[in-house]
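Got chain X; can you put chain L with the ligand on it based on the hints?
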Amino acid sequence: MRVAWTADGESWRLDFRLDPEDSLTGTVTDGARVLLATNSCAVRLPRPLADVHPDLLALAAWTVVAPYTRRRIAFDRPVSPGVAAAIELGWGIEAGPVGGTPRDGSRLAVSYSGGADSAAVAAILRDAPLVHFQRVSHPRVPNRWAHYRSDVLARLAVATGRELAVVRSDLEFTLAEPRPGYPEHHAVAAGAALLADELDLGGIAFGYEMGSRWLGGGRYLLRYTPDNPMWSATGKWGTLFAAAGLRLVLPVGGVSEATTMRIALGSELREQVRWCLRGDDGGACGTCGKCLYKELIRAAIERRPLDTPITADRPVAAKWQKPPPYGGQEMIEYGCARVPGIESTPFATAARHLGATVESTSWLDRCYPPALEEIPDPWRKQVEDFMAEEVGLMSEDEVRRVESWGAR
Amino acid sequence: MVLLWKRAPVPARLRRAVRAWLDARYVTRVDHRHDIKDALREVQAVGRELATLRREVERLRTQVTALAAEPKQPAPPDSARRAKWDEAHRLATETATAMDRLLQNEVLLWQAVDRIDATLGKRVEGVA
Ligand SMILES: [Zn+2]
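Protein sequence lines correspond, in order, to chains X and L.
So that you can map any letter, position 281 of the first sequence is 281 in the working numbering, and since no number is skipped, the others follow by simple counting.
So that you can map any letter, position 31 of the second sequence is 31 in the working numbering, and since no number is skipped, the others follow by simple counting.
If we strip away everything but chain X, and leave its shape as in the complex, we get (with noise of 0.2 angstroms):
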């Protein structure tokens, strides 16, 4: 593979080339296999740059094209040996050309979707400057995905007050299959990744909780994933965006989602929360799998009956009607034993097959230590107060809990 940035104004056009024994299709960090759609796209900063760190360009270059990759990867700019060796031992790809020095920074980042778990982490750091990323049209790929409302998404984040940066870009519509979205889902950062010098960046905080972080997210099912690919702090990505001097950091890696909306909802940021990716600035459609899923969730915190028009014959419903296990499942069993009236709801079926009850359930309300340990020193301490202070932390069992996920 090769890759070729080129800025023009705020834009920077990303195009590649496949290598002899590169092809159209690839696999993902996490095992899913996706096709190639075209071999260009853009990443539109809110201003132009004079120019970009070459290990930056590289970061957000690999997480397009790396699961397209075979044998090795061509930069179009010399990167750090750091950089290559990441790619290298991470991948067993051969990175190149080598040559640049490092960088780093010294503030964290918040990848922003505006979901619950990325307003909890903006929630917990209160001062850090957001980065969003909205999606747009490619002007080669027909876009099949109007209903996606980033522009809703994007002006919410713009209504939070924070300080903000919104990059807009058509990546996502290199993927063909199973359907455009992030190559690797680090991709989401690259615009951060090329605005890193700009910010001062160090780090960059992401939304993913424990059950994406330490239970297998919803690809691996049911399996304790301490040395989880995508991200764990010294997995292949963790060492990759470290050697790029932004470090990899989840500050609500230890927490459920069921916790990440309760932060997310008593925060200031309340207004601006939005899960749901389809509804319009009145707000979430109600009617999508997942306003549903968050529904469980939402209405299990609050203790009261599950409010949707949705019932167990509508397709958005049908995964539930079947038995486990389920992606993301250690909150379907959070929600199933909290929910009242659960048995006339679409879960009544899941909820007879799981059985939880709110004391096999009370290890996902408070936090997981080692997930707090993983956070890089400079931003621990802010993470571990509000945790200390906000949550608690597990009890012995209850992390026996995390640690023997799946193996019941």
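Worth flagging that the hints you see were computed from the coordinates, not collected in a lab.
Just so you know, even glycine gets a beta-carbon here, dropped at the ideal spot from N, CA and C.
Please note that a few of the clues may not be correct.
Stated by the list, open to error - To give an idea of the interface, some chain X residues facing chain L are shown, with a C-beta separation under 8 angstroms as derived from the structure:
1) 39
2) 142
3) 176
What the hints assert, rightly or not - Here are some of the chain X residues that sit facing chain L, going by a computed Cβ distance under 8 angstroms:
4) 17
5) 18
6) 20
7) 24
8) 25
9) 36
10) 37
Frame of chain X; chain L with the ligand shown alone:
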């Protein structure tokens, strides 16, 4: 008036009486003036609304006239219209799919071109 009172003190009772009389006249007249002004404003607002409505009626009337002037065509039966929509949808979907393939072929084409380039490059190096 304040100055005048300061210079030539007037008995408090008389002062109160005069002020009450003045206030009564003054307040009434001002209120009256306000009422008239408010009423006038209302009339003007209604006038403006009427003008807007009249313009809107005019616009609709010309539209109706224009529509009436158009050659009369029987409304296509629902099934025909649906067939047309289906056809447009089919075409859009197929075009988009074809576009996808085109873009992918372009990527592969560049890959082939680069491979030939590399081979030629090696051959040239070998000759030189
Ligand atoms: Zn929704």
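Verification of the hints:
1. 39: holds, 5 angstroms
2. 142: It holds, given that the least Cβ distance between residue 142 of chain X and chain L is near 4 angstroms, below 8 angstroms.
3. 176: Holds. Min distance 6 angstroms.
4. 17: Holds, about 5 angstroms.
5. 18: holds, 4 angstroms
6. 20: Where the cut-off is 8 angstroms and the nearest Cβ of chain L is about 5 angstroms from residue 20 of chain X, the hint holds.
7. 24: Where the cut-off is 8 angstroms and the nearest Cβ of chain L is about 6 angstroms from residue 24 of chain X, the hint holds.
8. 25: violated, 11 angstroms
9. 36: With a minimum Cβ separation of about 6 angstroms from chain L (threshold 8 angstroms), the hint on residue 36 of chain X holds.
10. 37: holds, 6 angstroms
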